[in-house]
Amino acid sequence: MKKAGQGALVAGAGMSLPESALASTNAAHAAEDRQPWPYPVAYGKENVVEADIVILGGGAAGCHAAINAAKRGANVVVVEKGALIRSGCSGGGVDHWHGVLTHPTAKVTPDEMMETIHRLGYKYLFQEYGNGITNYILFNESYDALCDCEKWGVNVRDTKDEFKGAEYRDDVTKLMFAYDYDGKHVVRVKGGADIKLAYFNEMQRLGIKIYDRIMATSLLTEDGKQGNRVIGATGLHTRTGEFYIFKSKATIISTSGPDGLWFYSAELRGASTHGDPNNCGDSISIGWRAGAELALMERVPIGSGGGFGYPTYGSGNASNTYACCNIVDSNGKEVPWVDRDGKPMQTVSQRYHAAPGQKIFWSGHQTSREIAGPALSPDLPDRIRKGEFKLPLYADLAGMPPLERRAIWGLMIYHESKTRIIFETYQKAGFDADKDMLQVMVMPADQYTYTPWGEGFGPRQWKGGFVGGGLLFDWDMRTSLEGLYVAGESNYAGGDHALAATTGRYAGRTSAAYAKTVKLLPVDRGQIEAEKARIYAPVSRTEGLGWNEVRAGMARIMQDYCGESKTKEILELGLYWLKSIKENEFANIHARNPHELWRTVECMSRMDCGEVILNASLNRKASCRALNFTRLDYPQDDPQEWQKLITLKLVNGEIKVGEKPLDYHLQAPYAPTYAENYRRHNRLSQS
Amino acid sequence: MYSKAYLVPNPPMPNRGVSIDPNLCVGCQQCMEVCRGDVMVPNPVKGKPPVVMYPDECWFCGACKFHCPVGALTVVYPLNQRIGFKRKETGEYYRIGMKNPPPPCTTPPAA
Numbered sequence: 001m002k003k004a005g006q007g008a009l010v011a012g013a014g015m016s017l018p019e020s021a022l023a024s025t026n027a028a029h030a031a032e033d034r035q036p037w038p039y040p041v042a043y044g045k046e047n048v049v050e051a052d053i054v055i056l057g058g059g060a061a062g063c064h065a066a067i068n069a070a071k072r073g074a075n076v077v078v079v080e081k082g083a084l085i086r087s088g089c090s091g092g093g094v095d096h097w098h099g100v101l102t103h104p105t106a107k108v109t110p111d112e113m114m115e116t117i118h119r120l121g122y123k124y125l126f127q128e129y130g131n132g133i134t135n136y137i138l139f140n141e142s143y144d145a146l147c148d149c150e151k152w153g154v155n156v157r158d159t160k161d162e163f164k165g166a167e168y169r170d171d172v173t174k175l176m177f178a179y180d181y182d183g184k185h186v187v188r189v190k191g192g193a194d195i196k197l198a199y200f201n202e203m204q205r206l207g208i209k210i211y212d213r214i215m216a217t218s219l220l221t222e223d224g225k226q227g228n229r230v231i232g233a234t235g236l237h238t239r240t241g242e243f244y245i246f247k248s249k250a251t252i253i254s255t256s257g258p259d260g261l262w263f264y265s266a267e268l269r270g271a272s273t274h275g276d277p278n279n280c281g282d283s284i285s286i287g288w289r290a291g292a293e294l295a296l297m298e299r300v301p302i303g304s305g306g307g308f309g310y311p312t313y314g315s316g317n318a319s320n321t322y323a324c325c326n327i328v329d330s331n332g333k334e335v336p337w338v339d340r341d342g343k344p345m346q347t348v349s350q351r352y353h354a355a356p357g358q359k360i361f362w363s364g365h366q367t368s369r370e371i372a373g374p375a376l377s378p379d380l381p382d383r384i385r386k387g388e389f390k391l392p393l394y395a396d397l398a399g400m401p402p403l404e405r406r407a408i409w410g411l412m413i414y415h416e417s418k419t420r421i422i423f424e425t426y427q428k429a430g431f432d433a434d435k436d437m438l439q440v441m442v443m444p445a446d447q448y449t450y451t452p453w454g455e456g457f458g459p460r461q462w463k464g465g466f467v468g469g470g471l472l473f474d475w476d477m478r479t480s481l482e483g484l485y486v487a488g489e490s491n492y493a494g495g496d497h498a499l500a501a502t503t504g505r506y507a508g509r510t511s512a513a514y515a516k517t518v519k520l521l522p523v524d525r526g527q528i529e530a531e532k533a534r535i536y537a538p539v540s541r542t543e544g545l546g547w548n549e550v551r552a553g554m555a556r557i558m559q560d561y562c563g564e565s566k567t568k569e570i571l572e573l574g575l576y577w578l579k580s581i582k583e584n585e586f587a588n589i590h591a592r593n594p595h596e597l598w599r600t601v602e603c604m605s606r607m608d609c610g611e612v613i614l615n616a617s618l619n620r621k622a623s624c625r626a627l628n629f630t631r632l633d634y635p636q637d638d639p640q641e642w643q644k645l646i647t648l649k650l651v652n653g654e655i656k657v658g659e660k661p662l663d664y665h666l667q668a669p670y671a672p673t674y675a676e677n678y679r680r681h682n683r684l685s686q687s
Numbered sequence: 001m002y003s004k005a006y007l008v009p010n011p012p013m014p015n016r017g018v019s020i021d022p023n024l025c026v027g028c029q030q031c032m033e034v035c036r037g038d039v040m041v042p043n044p045v046k047g048k049p050p051v052v053m054y055p056d057e058c059w060f061c062g063a064c065k066f067h068c069p070v071g072a073l074t075v076v077y078p079l080n081q082r083i084g085f086k087r088k089e090t091g092e093y094y095r096i097g098m099k100n101p102p103p104p105c106t107t108p109p110a111a
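Protein chains in written order, with this note's numbering: chain A, 1 to 687; chain B, 1 to 111.
Derived from the structure by calculation, the hints contain no laboratory data. Predicted model, so just to flag it, every value in this text is computed and none were measured. From the three backbone atoms N, C-alpha and C, an ideal C-beta is built for every residue, glycine too. Check before you lean on any hint, since a few could be wrong.
[To be verified] Computed list of chain B residues with no C-beta within reach of chain A, every gap over 12 Å: (1) P14; (2) V26; (3) V75; (4) C105.
[To be verified] Per label pair, the in silico range of CB-to-CB distance: (5) B:V8 x A:A552: 19 to 25 Å; (6) B:M98 x A:K164: 20 to 26 Å; (7) A:E150 x B:G27: 34 to 40 Å.
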């Protein structure tokens with residue numbers, strides 16, 4: 001083919017088309033003599049892999065699951081669509097570790113924290129830490145999981161004494177705490193930038209087999225029937241298009257949650273997307289088609305999914321990674337910080353301490369004063385509008401006390417996901433935290449509330465973020481399907497890194513125990529053939545629509561028909577549209593190579609997620625502020641009779657709606673207390 | 001005097017994602033192998049840098065840069081992702097990607 005003028009080949013800029021291309025009206029779909037795909041393509045070629053435990057998704061949850069299952073003697077395989085060594089949200093790093101309540105100087109015990117959560121009425125979820133089961137696992141195992149990471153090479157503690165004298169540093173344990181220096185329940189993860197390397201190396205040491213570049217596409221069930229025991233999974237190689245059949249005794253699904261269902265913008269994806277863009281809701285789609293029960297699918301994450309931002313944490317911020325950084329306006333005037341009662345604070349130090357009589361606080365959107373912490377003055381938007389504070393604002397790193405400054409720039413910014421690149425790029429460009437202030441992005445005044453500014457703001461139609469609904473599970477982290485376990489954000493109650501690590505290690509143990517009691521089963525050929533027909537349809541055509549236009553089209557449907565203006569008619573129109581797209585545009589997608597096929601099959605996952613969310617939304621006939629769910633036709637907020645989980649699953653291809661009490665995990669067949677259930681199910685005492 | 005004209009689709013947005021210095025690159029393809037989005041493909045010429053085929057799928061995570069044994073990669077934030085900063089003492093305003101930036105800061109991270 002004709003190459004570009006000079007230098008290395010660059011996509012888009014230099015790929016020329018031979019004359020025969022001009023015969024086609026679609027320049028993107030012309031000519032046989034374009035550059036061939038650089039990998040050997042073998043669509044449909046089957047590869048069979050057997051293991052005791054197959055783990056779908058090699059992020060934080062999948063890695064902790066794999067390691068803990070392997071340590072119990074299981075033969076483990078992990079299937080990862082990217083490259084496990086850097087995949088997932090934590091592939092770019094992690095800067096803080098939540099729920100650390102069992103370390104030597106902790107102030108609150110796991111049981112005390114659970115009692116507090118219950119007393120304060122966090123019925124559906126507690127922040128992004130899940131439901132009762134996952135909260136309890138997190139609070140009990142977070143410190144142990146962190147200690148595991150240390151054994152695997154993550155240098156969390158301040159052993160070099162660089163932070164000696166810092167309020168947040170414990171002189172005995174050398175752990176460094178974030179946000180709440182009194183409650184001491186969030187640990188700063190020095191070394192988090194390379195945490196996936198530590199996981200990868202430990203997995204290599206244990207002989208765990210990693211299958212990179214394979215997207216998990218479906219579950220295999222006993223006799224090929226929906227709702228039966230899960231006996232394996234299928235996969236698509238993203239470079240060769242080959243088909244993989246994984247046979248397992250137990251399967252763990254840990255493919256995170258769906259990002260980017262409500263938006264697709266090449267202009268804004270990438271740098272200003274916080275979650276791994278590969279996260280497209282595979283667990284929901286895969287579980288759904290196999291007949292697993294899903295819960296809370298109508299939940300809408302708070303805030304926008306991504307939008308008009310800068311690289312995440314690459315602009316001035318007051319919370320999260322930049323917790324309690326000075327914020328000044330363009331004249332240097334400081335924006336005040338207030339305590340949970342709105343009283344202005346006098347010193348920087350006070351921003352990191354509990355109120356008198358308060359044992360512990362959690363940053364973020366707290367609905368309860370008891371565990372609310374300091375925040376930037378909530379009337380900041382008004383004061384900007386009135387001209388008291390002049391935009392742009394700046395994160396005044398230079399004005400912070402040195403050890404607080406160093407904690408933000410150099411510790412959190414470096415180790416948090418994708419911030420090492422920010423640290424290196426900005427310093428190379430002359431940014432010096434000792435001298436400089438980082439600009440806060442310019443936004444409409446109402447956006448300057450105390451929420452992470454680092455992810456930008458988006459149109460209200462754009463929903464997304466980390467926590468929506470997912471797979472229902474029990475005290476074994478087992479889904480409604482025998483043989484299928486869930487870890488990390490794939491569970492209905494969501495989570496962050498610490499939750500992924502703890503539910504991962506837990507599910508690794510429970511699935512390993514189950515795997516000892518069962519045998520591998522033969523796969524059903526009919527199920528295999530149906531799956532191959534589904535995923536290879538886009539390469540069975542020679543022309544058609546591109547995956548990205550279809551993805552943007554589906555996002556449009558979610559924006560219009562699954563946004564703030566929900567009614568029965570709107571939601572049903574949304575389902576009509578998705579069904580119609582499935583029959584028309586979707587049935588005409590053409591993938592020109594295995595990479596495009598991969599992205600197309602991800603669109604299939606997104607389509608399933610959209611359908612499930614719309615159906616779940618139809619079935620909650622009440623608004624619910626706690627779930628950020630509003631219905632115009634049922635405006636009453638969370639009436640008593642709707643305080644329950646709405647569940648959905650497929651039974652013989654038909655949607656069956658169910659429900660569960662919010663505290664299903666403390667009712668029969670389980671014990672009435674967290675401690676007793678945890679004791680019965682945690683499998684810690686078994687090898 | 002002027003560049004040759006080609007019939008090609010629009011460049012992707014963002015244009016680059018990462019850039020690879022062909023003078024430093026040894027063709028080991030580590031960058032390509034660790035990329036979650038598989039945005040790079042092998043160069044048709046053996047030993048030459050991988051081709052950044054899908055910069056619109058880049059997450060800007062830097063994995064490629066960190067795994068390059070010779071430091072040949074630079075992560076390139078697109079123009080719409082370049083923020084400003086102000087030097088507190090002088091009030092001077094700078095921005096990422098400007099033509100004559102202030103001297104680089106060499107403070108190491110806490111590792």
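Query raised in the report: Can you list which hints this structure breaks, lowest number first?
Result: As far as the earlier hints go, 1, 3, 4 and 6 are violated by this structure, in ascending order.
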